[in-house]
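4 protein chains.
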Amino acid sequence: MNHHYTLTISCPDRVGIIAAVAGFIAQHGGFIVEANYHTEQDRFFMRQEIRADSLPFDAGEFCRRFAPLADKFAMNWQLADSAQNKRLVILVSRQDHCLDDLLYRWRTKELRVDIPCVISNHEDLRSFVAWHGIPFIHVDMRDKAAAFERIAALFEQYRGDTMVLARFMQILPPALCQRYPGRIINIHHSFLPSFVGAKPYHQAYLRGVKLIGATCHFVTDELDAGPIIEQDTVRIDHGDTVDDLVRYGRDIEKSVLARGLRYHVENRVLVCGNKTVVFK
Amino acid sequence: MNHHYTLTISCPDRVGIIAAVAGFIAQHGGFIVEANYHTEQDRFFMRQEIRADSLPFDAGEFCRRFAPLADKFAMNWQLADSAQNKRLVILVSRQDHCLDDLLYRWRTKELRVDIPCVISNHEDLRSFVAWHGIPFIHVDMRDKAAAFERIAALFEQYRGDTMVLARFMQILPPALCQRYPGRIINIHHSFLPSFVGAKPYHQAYLRGVKLIGATCHFVTDELDAGPIIEQDTVRIDHGDTVDDLVRYGRDIEKSVLARGLRYHVENRVLVCGNKTVVFK
Amino acid sequence: MNHHYTLTISCPDRVGIIAAVAGFIAQHGGFIVEANYHTEQDRFFMRQEIRADSLPFDAGEFCRRFAPLADKFAMNWQLADSAQNKRLVILVSRQDHCLDDLLYRWRTKELRVDIPCVISNHEDLRSFVAWHGIPFIHVDMRDKAAAFERIAALFEQYRGDTMVLARFMQILPPALCQRYPGRIINIHHSFLPSFVGAKPYHQAYLRGVKLIGATCHFVTDELDAGPIIEQDTVRIDHGDTVDDLVRYGRDIEKSVLARGLRYHVENRVLVCGNKTVVFK
Amino acid sequence: MNHHYTLTISCPDRVGIIAAVAGFIAQHGGFIVEANYHTEQDRFFMRQEIRADSLPFDAGEFCRRFAPLADKFAMNWQLADSAQNKRLVILVSRQDHCLDDLLYRWRTKELRVDIPCVISNHEDLRSFVAWHGIPFIHVDMRDKAAAFERIAALFEQYRGDTMVLARFMQILPPALCQRYPGRIINIHHSFLPSFVGAKPYHQAYLRGVKLIGATCHFVTDELDAGPIIEQDTVRIDHGDTVDDLVRYGRDIEKSVLARGLRYHVENRVLVCGNKTVVFK
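Residue numbers (this note's numbering), protein chains in the order written: chain A, -18 to 261; chain B, -18 to 261; chain C, -18 to 261; chain D, -18 to 261.
Simulated from the structure, these hints should not be mistaken for laboratory data.
A couple of the hints might just be wrong.
When chains are identical, the list treats them as one kind, so a pair holds in a single copy or across two.
In the DSBU-like style, the derived pairs of lysine-lysine whose C-alpha atoms are separated by at most 30 Å in a straight line are [to be verified]:
1. K90 / K180
2. K67 / K90
3. K53 / K256
4. K256 / K180
5. K261 / K125
6. K67 / K256
7. K53 / K90
Just chain A, with the same shape it has in the complex (with noise of 0.2 Å):
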C-alpha cells in the first residue's frame, strides 16, 4: 500500500465539480489511483485516492490550497492521510468472535488500524486481549450512567477516531450516541430492520425465515436505526436450532463488522441522511 491522500467530499450537485477537483490535483501534479462519485436528491459526494509522492506538498499545504475551491462549492470535505492510522477503540462483552476476528486483522496488518485499547464490562477477554499487548479495561456497568461517563472519557484519553461495538451488549444513551455522529459502529445479529433489539437469532427462529443476516451500522440515538454500512446473510433450513442459528450468525457477524470497518478506515463511507454512500 503506498503512501496516499484520501479526498472526500459532499456538496450541492453543480456542473462543473468533477472538473473543478481533477484540475486542481492535475495541476499540481496528483495522480489519482482511485475516483468515486455519486449524486443523490441534489447532492453530490465525491472520493478521490491520490499518490502522495505525486504531490509536491503534504496534506497540510494540500488543505489550505484547497480551502478557496472548497469554500466555493459549499464542499463538506476531509483530506485523510494513509499515514495515519484510524484508531479504533473497541467495546466487548462476553461473546469474542468479532473481537478475535478485528484482533487478527491488526495484528497482520490487513486491517491497518490503531487499537489503542478495549473495553468491557467482563473479565473474561483479558488475557487474549493481553497477548496482543494492547490495554485491557474492565468497566463496571452497575452505574450505568457513570460507566458510560467513564467509557465516554477512556475514549478521549485514549484519543479514539471510531468506537466499534463488537458484540457490546449493553445500549448506549442517546447523549452519547449523539456527541460521536458518524464515529461509533455497531454489528448487529440480524438483517435489519428486522429483529431489532434483544435475541434477534431467536426472533429469527419463531418467525421461521430462510436466511439470517447480520448488520454493521452506525449507532444513533434510535436503537439499531443509523445507517447501514454493510449487510449479508445465509441460508438457514428448519432443521437448525436457535444454537445453529448463533453459530452460523458468528461467521457472518464477524465478517460484516470487518468488511463495513474497512471501508470506514479507508474513507470509503460517506453519511447521506440516514443512509450510506459507500464507494467500493
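Once you've looked at the hints, dock chains B, C and D against the given chain A.
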C-alpha cells in the same frame, strides 16, 4: 422422473416411527428413493419417496393398508402420486415476470403441474397466456366481495389444488385465506418480516439496506405473515435507484417463487405452526 | 432513463487525463451522471455517462470537438448515444431458456436493445420467436462452411452490432471469431476455466464439485478462452443428478447472460488484453 | 449437544436396508435424532444419529449386536461416539489465517475436537500456538524424505485421527497420501478443478475470472485431485489486485475449511469413488 409415491407424515414424536414406516414399506418390497425426517417441539415430520413399480399395489391399496399404522401413531398423512399433477390456478395483475417464468417452466415440463387457468384483474396478459393455450379469465375488482367470490368459484370449478398469487396486487379477504389453509402461495417482494405491505422496494430504498430480497409464503389471514417457504436476497448499493431495486427484485422474485412452488408441488413442504419444514 | 451519451476511453496512463476529460465536459456544461476509472498495466480505462440535454450540441459535434483531446492522449474512444439501441442478433439451438429470458427482457423494455432476427440450426423455436414479431431464420448446418458464411451474411444484412450465442451448440470457425472481436458473446454452462468444451455439467458431476456455474464471455478463436464478462455459481450437493445440475444451470446461465449483455449494451465492458474491465 | 452415537454405513443398494437398520435401532428403544440416505451407482449410503441415553447398552455392545446385520447387507460401517473427540493434527507453514480460525473454534468449543499438536516447517507461529497450550513442533524440510517420515511418526505418536493441511505449503509424498486415505484434509486456495497447483490467485487474476473460490478436499496421491468436501466462491472485480484476491481468499479459505472439517468430525462425509457424500 419415474413414477413414484410420496408419503408425507406428521405425528407426535416417539421411538419407532421410522422403523414402523420403513418396515411397512420394506415388507411390500417398496424401494425408497428419498427419505427425510425432522423433529420439532415433540412433533415428528417425515417424507418418503417410493418407486411405484416396486410395490405390488396401487396408491389406493397403499392407503388402505397403511391406515391402521397411521392411526396407531396418530399421524396426519398423505400419499401423493407423481402421475397426478398438482393443479395451479395462477392469479396475476400487470407485473408478469413471475407468470412468464412459471409458464416457461410449465411448457418445458421443468415444473410438472397443470395450469387449468390464469385469473387477472387486468386484460394486459391475455394474449401471452392465450398463446400457451391456457384459459385467461378477467375478474373485475370494482366489487371486491363479488370478485373474490368469483375467484373462489373459479378455483373450485377448475379444481385447483393450489392458488398462486404471482404478483397479484390485491389483498385476499380473511375468509378466503382461512378457507384454503396451506393452499394459497404468495410471492412478496421483500425479505420478510422486513417491509410488510405496499411498496417494499421503496421502503427498502428509504431504509438504505444493502441487500433486498423476496419471500414465498403461504397466505394466512394476517397480511404477509404466513409460514415462509423460501427466501433469497441480492446485493444492491447506494448507486441503485428504486427502479434498479424493482429490476433486481423481478429476478429474485421469480426464482424464489419457482423454487418455493417446486418444493410445494413435490410435497416437500410441511406446515409446522407458523413455520415450514422444507425437505430438500 | 434519460437521453445520455456514454464516452468510453482507454489510453496510456499519465497525470491529467481525468482533469482534461472532465474539463472538456464541464466547459460545455455537460452534466456527468456516472463516471468510472481503472488503471491496469500502465493503461487507463474510463467511462463517463453525460446527460444529452446538458450539452449544447449533438453526438456528432461532441465527437468532432473531442477528437483533438483524444489524439493528444492517444485514446481509443467511443461515444455511444442512448437513443441508438444496440442491435443483437441471437443464435440459438434447441435449449431455449436463455432466448426466452432475453425476449422477455426485450419485450418489457428492461433490456433496451433491438433484436433484428433470431438465427437457429433447428426449427423448434420458430413459433415462439414469431409470436414476438421477430424474424426467425433457420440455417442448415450440414455444410458448416456455407452455414457460417450465411450467418455472417445475415449478421451484416441485419446490421447486427453484437452476435449473442444463447446456447448455440456449434463451434464458430476461427475466421468468424476474428472478424468480430469484442462483438460475439457466448454463455458457457460452466464456471470457466473449469470444464471447457462439451457436456460441462456431466464433467462437473463426475468431478464432484459442490458448486456449478456459468460464464458469459467474448468469443475468440480459442474455445471458451475469451475475455470473461460475468460469472456466477450456485450450490449443489451429492443428491443432485446430472439432470438436476442442468436444471439449476438453466437459471444461472440465463441470469449470467442477461447481466453480461446488460453491461455490454450499456457500454460498461472494456476489453483489456484477455480480460475485461466492467464498470458497474 | 447431547451424548449420541453416529452410525455411518455404505453397502450395495437393495430393498429393506432402512427398515432393517431402523428396526434394529427401534427394537432397542434407540431414539434417532437425525437420519440421512443417499444412493449412487447401486451403492447405498446412510447416516444415523442416535441418542446414547436411549439405548440400553454402550457403543461396544451396539457394535457387537449390529455386526450380524451389517454382514448380511455387506456393509462398510462405523459407529462414532460423540464423547470421543476426533484428534486433529494440524500442519501449517507461515500463512496462519486457517490455523487462527481453527484454534478459535477449538478454544470456544464450537468445533468439538482435540488438537494434540501443531506441526510447522517454520517457527513463526510458535508463540500463538503456545498461548493455547498446544505443543508446537517444528520440522525441518531440508531433507524432505526425513521430514515426511517425522511427520508421519508424529501423527502416530500423537494418535491423530485426521491430518489437516491448514495452508501447509509442501506437497505430501504419494506414499504418505496412500497411507491415510480419507484422513488427510487440505484447503486449496482455488475453486477446483480450476487453478491446480501453485499460485492459484495469480492464475485467477491472469485469467480474469469474476469470482474466486476455495476447496476443502481429501488428499490423494494426485495433486489437488482428491474428493471434494466443500467449496465456496466470492465475487471480485477488475479493480482487485492479486493482493486483494489473496485477502478475500483468506476469508473464504478459512470458512470453507472450517465447514468441511465440521462435516468430517461429525461423521457427515462418506467417500464415494472420487466424490463425497456430505449429509448436512
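Checked hints:
Taking the shortest alpha-carbon separations for K90 and K180, only the inter-copy value of 21 Å comes in at or below 30 Å, while the best intra-copy value is 33 Å. Proximity of K67 to K90 under the C-alpha cut-off of 30 Å is restricted to the intra-copy arrangement: shortest distance 13 Å within a copy versus 33 Å between copies. Taking identical chains as interchangeable, the C-alpha atoms of K53 and K256 lie at most 30 Å apart only when both belong to the same chain, with a minimum of 26 Å there against 41 Å between chains. For the homomeric pair K256 and K180, the shortest alpha-carbon distances inside one copy (25 Å) and between copies (18 Å) are both at most 30 Å.
For the homomeric pair K261 and K125, neither the shortest alpha-carbon distance inside one copy (38 Å) nor that between copies (45 Å) is at most 30 Å. Only within a single protomer do K67 and K256 lie at most 30 Å apart by alpha-carbon distance; the minimum there is 22 Å, versus 35 Å between protomers. Neither within a single protomer nor between protomers do K53 and K90 lie at most 30 Å apart by alpha-carbon distance, with minima of 39 Å and 42 Å respectively.
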